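Number of protein chains: 2
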Amino acid sequence: MTSSKDHNNAGAGRVVISVDAMGGDRGPAAVVAGISRSAKLNPEVDFILHGPENDLSKLVAKRRILDGRCTIRHAQDVVSMEDKPSQVMRHGKATSMWSTLESVRNGDATVAVSCGNTGALMALSMIRLRKLPGVNRPAIAILWPSRNPQGFNVMLDVGADIRADATDLLQYALMGASYARNGLELKRPRIGLLNVGTEEHKGRAELKEAHDLISAHAEKAQFDFVGFVEGGDIPGKTCDVIVTDGFTGNVALKTGEGTASLIGDLLRQAFAYSPLSRVASLLAYTSLKRLQKRIDPRRVNGGVFLGLNGTVVKSHGSADAMGVSAAVKLAFELARSGFTDRLAARVASAAELDQDALGQKDKNVK
Amino acid sequence: MTSSKDHNNAGAGRVVISVDAMGGDRGPAAVVAGISRSAKLNPEVDFILHGPENDLSKLVAKRRILDGRCTIRHAQDVVSMEDKPSQVMRHGKATSMWSTLESVRNGDATVAVSCGNTGALMALSMIRLRKLPGVNRPAIAILWPSRNPQGFNVMLDVGADIRADATDLLQYALMGASYARNGLELKRPRIGLLNVGTEEHKGRAELKEAHDLISAHAEKAQFDFVGFVEGGDIPGKTCDVIVTDGFTGNVALKTGEGTASLIGDLLRQAFAYSPLSRVASLLAYTSLKRLQKRIDPRRVNGGVFLGLNGTVVKSHGSADAMGVSAAVKLAFELARSGFTDRLAARVASAAELDQDALGQKDKNVK
Chain A
1 MTSSKDHNNA GAGRVVISVD AMGGDRGPAA VVAGISRSAK LNPEVDFILH
51 GPENDLSKLV AKRRILDGRC TIRHAQDVVS MEDKPSQVMR HGKATSMWST
101 LESVRNGDAT VAVSCGNTGA LMALSMIRLR KLPGVNRPAI AILWPSRNPQ
151 GFNVMLDVGA DIRADATDLL QYALMGASYA RNGLELKRPR IGLLNVGTEE
201 HKGRAELKEA HDLISAHAEK AQFDFVGFVE GGDIPGKTCD VIVTDGFTGN
251 VALKTGEGTA SLIGDLLRQA FAYSPLSRVA SLLAYTSLKR LQKRIDPRRV
301 NGGVFLGLNG TVVKSHGSAD AMGVSAAVKL AFELARSGFT DRLAARVASA
351 AELDQDALGQ KDKNVK
Chain B
1001 MTSSKDHNNA GAGRVVISVD AMGGDRGPAA VVAGISRSAK LNPEVDFILH
1051 GPENDLSKLV AKRRILDGRC TIRHAQDVVS MEDKPSQVMR HGKATSMWST
1101 LESVRNGDAT VAVSCGNTGA LMALSMIRLR KLPGVNRPAI AILWPSRNPQ
1151 GFNVMLDVGA DIRADATDLL QYALMGASYA RNGLELKRPR IGLLNVGTEE
1201 HKGRAELKEA HDLISAHAEK AQFDFVGFVE GGDIPGKTCD VIVTDGFTGN
1251 VALKTGEGTA SLIGDLLRQA FAYSPLSRVA SLLAYTSLKR LQKRIDPRRV
1301 NGGVFLGLNG TVVKSHGSAD AMGVSAAVKL AFELARSGFT DRLAARVASA
1351 AELDQDALGQ KDKNVK
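So the protein sequences, as listed, match chains A and B.
Our numbering puts the first residue of the first sequence at 1, with every later residue one more than the last.
Our numbering puts the first residue of the second sequence at 1001, with every later residue one more than the last.
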């Protein structure tokens, strides 16, 4: 691996993002186009780009904006969408994904961005960056278009792990609150716990336990806990952060995406139906564009891995230049706000609080 | 149990639906308007209507189409949305909901329809109609707008129970296949099992077990098993029936509804944005209406309770006349196709198959 001794880019308020050029469905050209776009929009951002040097240097050379702002780190192998996480963990040292995380691990970059295989990226992140002290299961958080003034809600976990016990759900609440504070600039985020009804007696046992745990931590962790919420509240305005296990969160995310995509297609069909409706669609063009912009998944591209020593942004596998650029923007904002350190502090203080609570419990038992 | 010897209403191709007039958000007037609409559309349908006789007879008298086709059964009490199922089970004998189920229980009607409290309706249905032999957990199935030629997919369970083990999921597959055959006229429905990935090694242990069980029953039960599907396949065209536990299904349903509703509102906002966009919306009116019709939840109103001795259709609490009429139409179609008996036969034959399979397993163990 290249030494980074003489790497000075991060000085003077500059932010360095480590970007995996490979593993996305559209190949490295889309990634380079995406980071060029970001470089134009954010003058303070620099890149370390990982992948086959020959291919990448040609692509980067074509983009003048990247002159002196993009270091290439050679990695010959690529993690494919079909690779099993366990294989990548054992044999993935020469992959661009491994190299991308390495730049965050050794402090050359603040945040990593990859369009690659989610399972492999999470598995590698866990072994290379390691979990934050006090975190049992890391989580993937996403932004979801919502009725709230900030335009988006945070939901986690959307698929890092298929299980979550009450303590995990508490940690998701803490991490989600921290993310909402740094990513959406909400001073006092409202947290909801996903369930099949809002009555306190409903749902699985671990949810009732999590309800009490989160409620007990709300004051100290400076968030409001609105209690149980339902699927309809994910795009709603009842809360800003929706906490759930990775199985339920993943199904909800994909159901929402699938529904939005179906409606989009039906809308196109409706406007293509007759000559009159085609004229109408021309007139309605800017209105429809405005709607599309509001719910375009490319504009909120990026699941964030929370609970690790370092922040990783997972871009959609099918991301184009705009999608990659949105993921980089998110990475940039999180890096600039010192998110990783803030999150670590939050989780650590909650772990202390838990020790206190346990002590208290012991006393009560006595 | 009332004897059904002298029960002639169902003669000569007529179908009797038992309808709970109370418990919906819009009161009995919306229900009576809904059944009038249905009576016009389906000359073969008759009704037994349950609720306070004085109020109902006035409402029914105003609708000429209901002359001689609507019997009123007096019930003074109403199950409210806040009532706990356990209370209703103990003290609910005088409610319109209880009375509605009683008409199916004693054979006066084939299918029951109610807009009331889902939890109470399921609890009452379980104790009054009882589970089909071989069914451990009944399920609620809904129709979901999809990319398939039939326009809808079936998903179950969407909230009858928050748990489901592998055998329950198998029964959901069998019941869902039967529903798709009778409700959507699909000869050989394709069944998918909801998971967080389509690879066979992914997901919870009970899902892997259910995968093998459903796969083993596919041939005999005359459906195709497509294996694991994801949230995006619920409105998709990969399968016709999506099988999942009631917790996940309920979250998915409400997430989909919430997302569709948000997009609808944003679409309205987009078209109200400027004078030009308002003109565009006028021209686009019929196109937008066409879309709305396609995804209007009122047109596919009705969760069906499966796995009981009798079929119960749960209409949305907020259903208006069109919503009630859609629920009645669904009830009518299921009644006419002899759905209850067909479903019972399917489940019974699968239970036998299971006995066989268990016998086989025992042999293998020896």
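These are computed hints drawn from the structure, not numbers from a lab.
One or more of the hints may lead you astray.
No farther apart than 30 Å at their CA atoms in a straight line, the calculated lysine-lysine pairs in the BS3-like style are these [as the list claims (entries may be wrong)]:
#1 B/K1208 x B/K1220
#2 B/K1131 x A/K208
#3 B/K1293 x A/K293
A few chain B residues that face chain A, going by a derived Cβ cut-off under 7 Å, partial list only [claimed, not checked]:
#4 F1152
#5 L1186
#6 R1188
#7 A1260
#8 K1293
None of these values were measured; they are calculated from a predicted model.
All residues carry an ideal CB built from backbone N, CA and C; glycine is no exception.
- Task: Enumerate the violated hints, using their earlier numbering and listing them in ascending order.
- Result: 4, 5, 6 and 8
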